[in-house]
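Undergrad: Chain by chain, the residues run as shown.
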Amino acid sequence: MSEKREGRIWIAGMDNVFSGQTIANLDMYEKLPQSRPVRVLPDVWVVKIGGQSIMDRGREAVFPIIEELVAAKEAGIQFVLCVGGGTRARHSYALGLDLGMPTGALAKIGASIPVQNARMLQMLTAKHGGIMVYHDDLEKLPLYLATKCIPIMSGMPPFEFWEKTPTTGRLPSHRTDAGTYLLGEFLGAKGVIYVKDEDGLFTADPKKDPGAELVVHADAGELLRNGPDDLIVERVVLEYLQRAKHVREICIVNGLKKGQVLAALRGRSVGSVITAEVPTSR
Amino acid sequence: MSSDLISGDGRVHVKSGLMRESLVSKALNEATEGGPIRRMVPDVNFIAIGGQSIMDRGAEAVLPLVDTIVSLRKHHKFIIGVGGGARVRHTYAIGMDLGLPIGGLARVMGAIEEQNRDILVFLLAPHGGITFIKDHLQDLPMWLDGGMIPVCIGQPPYHFFEPPPLNGRLPENGTDVGLFLMAELIGAKRIVYVKDVDGLYTADPDVDHQAHLIPNITAQELIDRNLPDLPFDRELLRCVERSRLLGGFHLVNGLKSESLQQVFDGKKTGSVVRASAERNFS
Numbered sequence: 001m002s003e004k005r006e007g008r009i010w011i012a013g014m015d016n017v018f019s020g021q022t023i024a025n026l027d028m029y030e031k032l033p034q035s036r037p038v039r040v041l042p043d044v045w046v047v048k049i050g051g052q053s054i055m056d057r058g059r060e061a062v063f064p065i066i067e068e069l070v071a072a073k074e075a076g077i078q079f080v081l082c083v084g085g086g087t088r089a090r091h092s093y094a095l096g097l098d099l100g101m102p103t104g105a106l107a108k109i110g111a112s113i114p115v116q117n118a119r120m121l122q123m124l125t126a127k128h129g130g131i132m133v134y135h136d137d138l139e140k141l142p143l144y145l146a147t148k149c150i151p152i153m154s155g156m157p158p159f160e161f162w163e164k165t166p167t168t169g170r171l172p173s174h175r176t177d178a179g180t181y182l183l184g185e186f187l188g189a190k191g192v193i194y195v196k197d198e199d200g201l202f203t204a205d206p207k208k209d210p211g212a213e214l215v216v217h218a219d220a221g222e223l224l225r226n227g228p229d230d231l232i233v234e235r236v237v238l239e240y241l242q243r244a245k246h247v248r249e250i251c252i253v254n255g256l257k258k259g260q261v262l263a264a265l266r267g268r269s270v271g272s273v274i275t276a277e278v279p280t281s282r
Numbered sequence: 001m002s003s004d005l006i007s008g009d010g011r012v013h014v015k016s017g018l019m020r021e022s023l024v025s026k027a028l029n030e031a032t033e034g035g036p037i038r039r040m041v042p043d044v045n046f047i048a049i050g051g052q053s054i055m056d057r058g059a060e061a062v063l064p065l066v067d068t069i070v071s072l073r074k075h076h077k078f079i080i081g082v083g084g085g086a087r088v089r090h091t092y093a094i095g096m097d098l099g100l101p102i103g104g105l106a107r108v109m110g111a112i113e114e115q116n117r118d119i120l121v122f123l124l125a126p127h128g129g130i131t132f133i134k135d136h137l138q139d140l141p142m143w144l145d146g147g148m149i150p151v152c153i154g155q156p157p158y159h160f161f162e163p164p165p166l167n168g169r170l171p172e173n174g175t176d177v178g179l180f181l182m183a184e185l186i187g188a189k190r191i192v193y194v195k196d197v198d199g200l201y202t203a204d205p206d207v208d209h210q211a212h213l214i215p216n217i218t219a220q221e222l223i224d225r226n227l228p229d230l231p232f233d234r235e236l237l238r239c240v241e242r243s244r245l246l247g248g249f250h251l252v253n254g255l256k257s258e259s260l261q262q263v264f265d266g267k268k269t270g271s272v273v274r275a276s277a278e279r280n281f282s
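Going down the list, the sequences are from chains A and B. Going letter by letter, the first sequence gives residues 1 to 282 in the working numbering. Going letter by letter, the second sequence gives residues 1 to 282 in the working numbering.
A few of these clues could be false.
Unchecked claim - Have a look at the derived ranges for each label pair, beta carbon to beta carbon: (1) A:Glu249 to B:Glu33: 25 to 35 Å; (2) A:Ser112 to B:Gln210: 53 to 63 Å; (3) B:Lys189 to A:Glu60: 51 to 61 Å; (4) B:Ser7 to A:Met123: 36 to 46 Å; (5) A:Trp10 to B:Pro64: 13 to 23 Å; (6) B:Asp206 to A:Lys31: 19 to 29 Å.
Derived from the structure by calculation, the hints contain no laboratory data. All residues carry an ideal CB built from backbone N, CA and C; glycine is no exception.
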């Protein structure tokens, strides 16, 4: 009944470049045609609202940013809002570390906090079309955008229990900066903007070192190799920027300064820009 | 731990060891390296069944393996994970031709593994086989104590958020990686990859008669050797090197019904790939 080829059940017409190969076979990739993947939602920005930097400041910081986001939407600019965790996420990690939890379990508990923040933003923007989007609803984004909603998501990627142990330490290396970036790269988005409480990237943490200087343009690879010990964005984002097909730069703006978020969404250069060094031909 | 609220810099912090930290600092991450990690579901064994190597061979390969697992279940607790095989390769070939981004390929691939999981649950159901989906990870103790054999897919739930790969052009977090991450997370006793080769060889034994079996090697050595082909995901080696609890994996030939039995009898069979440095502090 069932035909076999080389001991495996086989159906005529199933042959393809990967047939019988292991996924680890490096030579196989050389033979594939070089092509760039399609952009899923090319006109959409992905904007991340910082947890510790914005949400934990409360009304004073959050309300003016919402005003600018609503103005942008009214002007026809499309975006998906992601949000970070902040101080409660840090408390969760501190507690989990103290209790001997592995990285995947820390990522799981850490993921709850940005969901709280996303729900807060949804309530505040509901009258302007703010709508909560869970990872499983991602395929409904076109509907939400077409109906002029503001899709709001947790910035955390869905890795949770499957978060890898990092090379150093135990904290999850994919947190809300990474999830936001990976969403942007998947969508082939217009750009990824991080709204924080600093003018951009500094040579050191400006909250701890008053001598720190603003870096307007930085190279992702260079930052990983020779950058400061502390950075304004998660390190994995800088790694992925260099491997990415679409989103090869990110922008960091100061949400506490009026007009910056709107300006960034209008494509103006504000804050710091971090780019991947050489565009790959992959 | 105190839950004092600290303010004064415009943000409200929950007091913790990670308060005000970006969590990006290398020095901070190094400080989280030590300390014991607890095992969530100890004493369980993961069996990873290959898609192309075992499942696609049909009754001839699958039924004897199922019999072995059922017989071993009397003395050992198991979680069974399964890969996709020929239909995954077809999915990737079509998906890549259509220009799907890496996260899109990852999102559609899992359906094939779910088919194979359902096939194994069908075969194992008379002996306690049960579908284990990610949302029920915390139910594992109940199932295992009840004598059940949970069966799950291998691919980790990164879905649309699959990071751009380091090598190649397919999702690098495949079946082998996902199952290793799960075994590492719960602090399993061991993970055994069941494929259609006697173990890891220096070259393809069908082509090169000088090729010999590697019974025991570190993941780092394999990364350094950069062999053109491997019978498992390349990313698996990096996960082994970062492991804190599991420390390595077994690779055995599932076409020889005695090999799995031999692993549990403590006899030498197949190959063992282990981490080069002990990272276990517990």
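Undergrad: Compare the structure with each hint and give your call.
TA: To see whether the hints hold, each was checked on the structure:
no.: 1; hint: A:Glu249 to B:Glu33: 25 to 35 Å; result: 32 Å, holds
no.: 2; hint: A:Ser112 to B:Gln210: 53 to 63 Å; result: 55 Å, holds
no.: 3; hint: B:Lys189 to A:Glu60: 51 to 61 Å; result: 53 Å, holds
no.: 4; hint: B:Ser7 to A:Met123: 36 to 46 Å; result: 23 Å, violated
no.: 5; hint: A:Trp10 to B:Pro64: 13 to 23 Å; result: 21 Å, holds
no.: 6; hint: B:Asp206 to A:Lys31: 19 to 29 Å; result: 20 Å, holds
Hint 4 alone, counting from the list given before, is not met by this structure.
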